[in-house]
Amino acid sequence: MSDEEQREAVLMAIDRVATRMQDEKSHLTDLDSAIGDADHGANLARGFTAAAEAVEGSEDDVDEIVKKIGVTLISKVGGASGPLYGGSIMSASQTLSEEGLTAETSIAFAEAYLEKVLDRGGARVGSKTMVDALTPAVHTYKKSIEVDELPPVTALAKAVAAAERGVAFTVPIRAEKGRASFLGWRSVGHQDPGATSTLFIMQELLATAEKF
Amino acid sequence: MSDEEQREAVLMAIDRVATRMQDEKSHLTDLDSAIGDADHGANLARGFTAAAEAVEGSEDDVDEIVKKIGVTLISKVGGASGPLYGGSIMSASQTLSEEGLTAETSIAFAEAYLEKVLDRGGARVGSKTMVDALTPAVHTYKKSIEVDELPPVTALAKAVAAAERGVAFTVPIRAEKGRASFLGWRSVGHQDPGATSTLFIMQELLATAEKF
Amino acid sequence: MKKLINDPEDIVDEMLEGMVLAYPDRLRRLDGTEVLVRADGPVDGKVGLVSGGGSGHEPTHAGYIGDGMLDGAAAGQVFTSPTADQLSEMVKACDAGEGVLNIVKNYEGDVMNFDTAAEMAAMEDIEVEQVVVDDDVAVEDSLYTSGRRGVCGTILVHKAAGAKAAAGGDLSEVKAVAEKVIENTGTMGTALTSCVTPDKGEPTFDLGEDEIELGIGIHGEPGTERTDMMSADEITTHLTEKVLEDLALDDGQEVMTIVNGMGGTPLMELFVVNRKLQEILGEHGLETWDSWVGDYMTSLDMMGCSVTVCAVDDELKELLGAPVDTPALKQ
Amino acid sequence: MKKLINDPEDIVDEMLEGMVLAYPDRLRRLDGTEVLVRADGPVDGKVGLVSGGGSGHEPTHAGYIGDGMLDGAAAGQVFTSPTADQLSEMVKACDAGEGVLNIVKNYEGDVMNFDTAAEMAAMEDIEVEQVVVDDDVAVEDSLYTSGRRGVCGTILVHKAAGAKAAAGGDLSEVKAVAEKVIENTGTMGTALTSCVTPDKGEPTFDLGEDEIELGIGIHGEPGTERTDMMSADEITTHLTEKVLEDLALDDGQEVMTIVNGMGGTPLMELFVVNRKLQEILGEHGLETWDSWVGDYMTSLDMMGCSVTVCAVDDELKELLGAPVDTPALKQ
Ligand SMILES: Nc1ncnc2c1ncn2[C@@H]1O[C@H](COP(=O)(O)OP(=O)(O)O)[C@@H](O)[C@H]1O
Ligand SMILES: Nc1ncnc2c1ncn2[C@@H]1O[C@H](COP(=O)(O)OP(=O)(O)O)[C@@H](O)[C@H]1O
Ligand SMILES: [Mg+2]
Ligand SMILES: [Mg+2]
Ligand SMILES: [Mg+2]
Ligand SMILES: [Mg+2]
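Protein chains in written order, with our numbering: chain A, 10 to 221; chain B, 10 to 221; chain C, -1 to 329; chain D, -1 to 329.
The reader is advised that the hints may include incorrect statements.
Per the computed footprint, the stretches of chain C lying under chain D, defined by three or more beta-carbons under 8 angstroms from a beta-carbon of chain D, are [said to hold, decoys possible]:
hint : region
1    : 11 to 17
2    : 145 to 159
3    : 222 to 233
Here are the in silico distance ranges between beta carbons for each label pair [to be verified]:
hint : chain 1 : residue 1 : chain 2 : residue 2 : range
4    : A       : Asp128    : C       : Met227    : 30 to 40 angstroms
5    : B       : Glu155    : C       : Met227    : 52 to 62 angstroms
6    : A       : Glu120    : D       : Glu122    : 55 to 65 angstroms
None of these hints come from the bench; they were simulated from the model.
The C-beta atom is built at its ideal place from N, Cα and C for all residues, glycine as well.
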């Protein structure tokens, strides 16, 4: 992809994610009502809308655009998901600074992003958080490209499917991190909001990738 | 009636009234909810129960017993109905001090009681208060005995019927006194709680009188 | 209905016990009554200041007992005026020989019981004066009503008269101050929900999801008008304009304001109301000298608020701004 | 849902405007932020004390800004931690050169954002220390949770650390005091109803007419356990025993207590709870040195309360009893 195409792709992606978060606002908030504090939908809708606005029509390089998205999320989302989404995007944006967006850098981005989430939040797979959607997605994406030598869009589609399973996996387990952990055993049977929003973001990334 | 019978009658009456107020507690409170502050039932149940207990087994003369009932109501009911019921009973008890309870003194009592209510509360017929039940009852009682020369029990039965019409009369009119007056035109269509409790008391007086 | 109560019959008694346990150095209960008085009262050489009324308006009334405010407060049953005998015990206990001012809210029950109490106290040679607060502009004062109700403005009467008494004013001076506040104060309230009394256990009145009551009192009585739900700014405008219309103040007049919560409304929302209130006052050319926001005179768990405006001059500013030290109000 | 709001998106902004209008001499808003600071701050020679968190807990946090307590408070969206950039603006604005102590409640969002803010401030050579309050005994502190929550005990941390800072303590001394309060404080809460957030407009969780949640937090999150409705005495016993079990205090220990309302519960009921709380403490051989009753740390319009017990020694008594002058707390 040319620099121009990369920029277009990133801008389309953030627009789609912003729209999706608006659409899913009450859905995410409902999930957060059951085991959290009923703000996840509002947090992400507010944050991603602001992020899309912040980079609209930008002429910057993609790493700068992505960094700006991260910074905006940090300053607009708040809560636990703000530093997790925003901080990790900001930090992972560095992987795009040299070569822009390629198959390789997209893997590096995904890994850096996952690592930062784990680092900052201290959750692990099975903690019933966004990590449960993210981990299988990142692992699948990497393996599909590096080992199975699939094209990135196909790999991304497999990653989305993996994230879906991760979301489903959060339902029957007990939370160990986040507000849901306060509920103890009562968190069992509920789907994690952050894992769900992670899946939505990936679905929009895939839809964007399919256009390029 | 002998002194002994008079005392028995008064004690039976207050017992019956206390029981009736307990039974009608939530009914009266419901009426007060619509155009007042939802406490008339509790006020009267508390007050008349205390009054019945205060005079239980008393060996005093009837005027003393009745006075004690009034004093107890003053100190237990509170609100608007406390001084109106209690104060007026206390004050009217003087009409029984010389000759006890006779046809004549019962008329004097009723008149003194009505006068005190009018005096203290400043309401008139048509203000949508207890006065609307009380006035026709007292007028009918007096006329039935003095003009129609009916026996007191029959006169009392006619007075109860008059009070019933007074209660019905409170429904379609606008309140001018009491909390219901704050509602202005919105008070129209509701039955006055104090007029209703006045009717209940009279019904119990009649039931008592029929036993003697 | 779910409430933190044991038996509804015991709630006033238990509340008073809990209050005295919370403020043992400040409050004392008169034996066998529902009356609280200053632990260190009566205060030598000072006019006594007492108030009272039904319970359910906390921190009113006993929360305002203390230096610079009340000497005693009588708690009736929920929304029911205290009885005359208790009121007269209170008056007696709060007299230090300089006389006592009864601050009464304009409800027939309160007025009749306080009247009787004043007579009883007078029989014991206590000098008693009485003022009746009727700041609620929602109710028209006409031959056809029992007059305007006393609502949140009562707190300002307590405050100013309390400061005057603390400063050594005599009974007639203290009464004059109370009357000055009454003349210069207007209040109007709204309810978004009905309160639930412990005894009834259900809302006193039914209000639809999209309706509110305007001109609400503080006793869970329905308001004077029912309208569709409106935004905070619209509601504030409605309440404030009604109050200002009643007060008819001159341009440049200094005022103090209260945004009072009815008990169930979060403080957050009261500040939202205050924002609009101050904007409106500015538009009317009025100057806010001081503004209070909080739960001063409540109606159990009712959601809603009232807006109070009091026109102040130098005398009232000095008195309303004077130090006060009570459980519910300190400055 | 009916609330005194305009657009839910504007509520925090409008609340802050309304607060500054109510306390123009006390509070100042940092331009372009949701941060309030002392109007007269930073105070020369004094360690800065800041706190913050989601909105909806009013009067927490900004209500405690003032002499003897906080220098700044950041208001996040409702129940959402403030963002790191705002927190770092606050820290900068509250540093008078003596360093700043961040008082953080133990929620991952708060901790992560405050951590980032501390890093940002450190980069500008501001000395920053942080304490994390986790007084909620309902949540077990284990590998399998994110630790105990910070709830109403936070107010006592503000108070004691604020007094220490006002008395000229240096950053490490102020921090030590904060940690001492944290170690000696336990809280447990109950909800009779769920709160309704402005954004969602419906109860966060459904609770039957005969059910209550025990071990509730302050963010409308469901509690740790659901039980049948109980009397005030039973609920108080349950909460208090749980707190005392956690604190394991010696006979004769002096304590201070808070009965804190969640926002929608009438003050009347909180006094009923205080009555039983004090009785239980007596039975345990504990001595109440001071007790507070009121809405200190709320959860919007939630009905319910929490019970806080803090074991005090001479140092804490001096600090907790020291004068304080803020919109929400004066003594
Ligand atoms: N420590 C953590 N590590 C990873 N993810 C977390 C952690 N804590 C919370 N989350 C995620 O954040 C989501 C909640 O985000 P949000 O509701 O916006 O913030 P808050 O919990 O502060 O209200 C959870 O559903 C979970 O997926
Ligand atoms: N001024 C008055 N004169 C006569 N009756 C009155 C007056 N004010 C109120 N009442 C009566 O009292 C009743 C209400 O009594 P209650 O509910 O016990 O007291 P409150 O109104 O103080 O709550 C009304 O229904 C009315 O009949
Ligand atoms: Mg959340
Ligand atoms: Mg009534
Ligand atoms: Mg009443
Ligand atoms: Mg949150």
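Evaluated hints:
1. 11 to 17: It holds: at least three residues are needed, and the region 11 to 17 of chain C offers 6 whose Cβ sits within less than 8 angstroms of chain D.
2. 145 to 159: This one is violated; 0 residues, fewer than the three required, reach chain D with a Cβ under 8 angstroms.
3. 222 to 233: holds (count 5)
4. A:Asp128 - C:Met227: 30 to 40 angstroms: violated, 47 angstroms
5. B:Glu155 - C:Met227: 52 to 62 angstroms: holds, 59 angstroms
6. A:Glu120 - D:Glu122: 55 to 65 angstroms: violated, 32 angstroms
Of the numbered hints listed earlier, those contradicted by the structure are 2, 4, 6.
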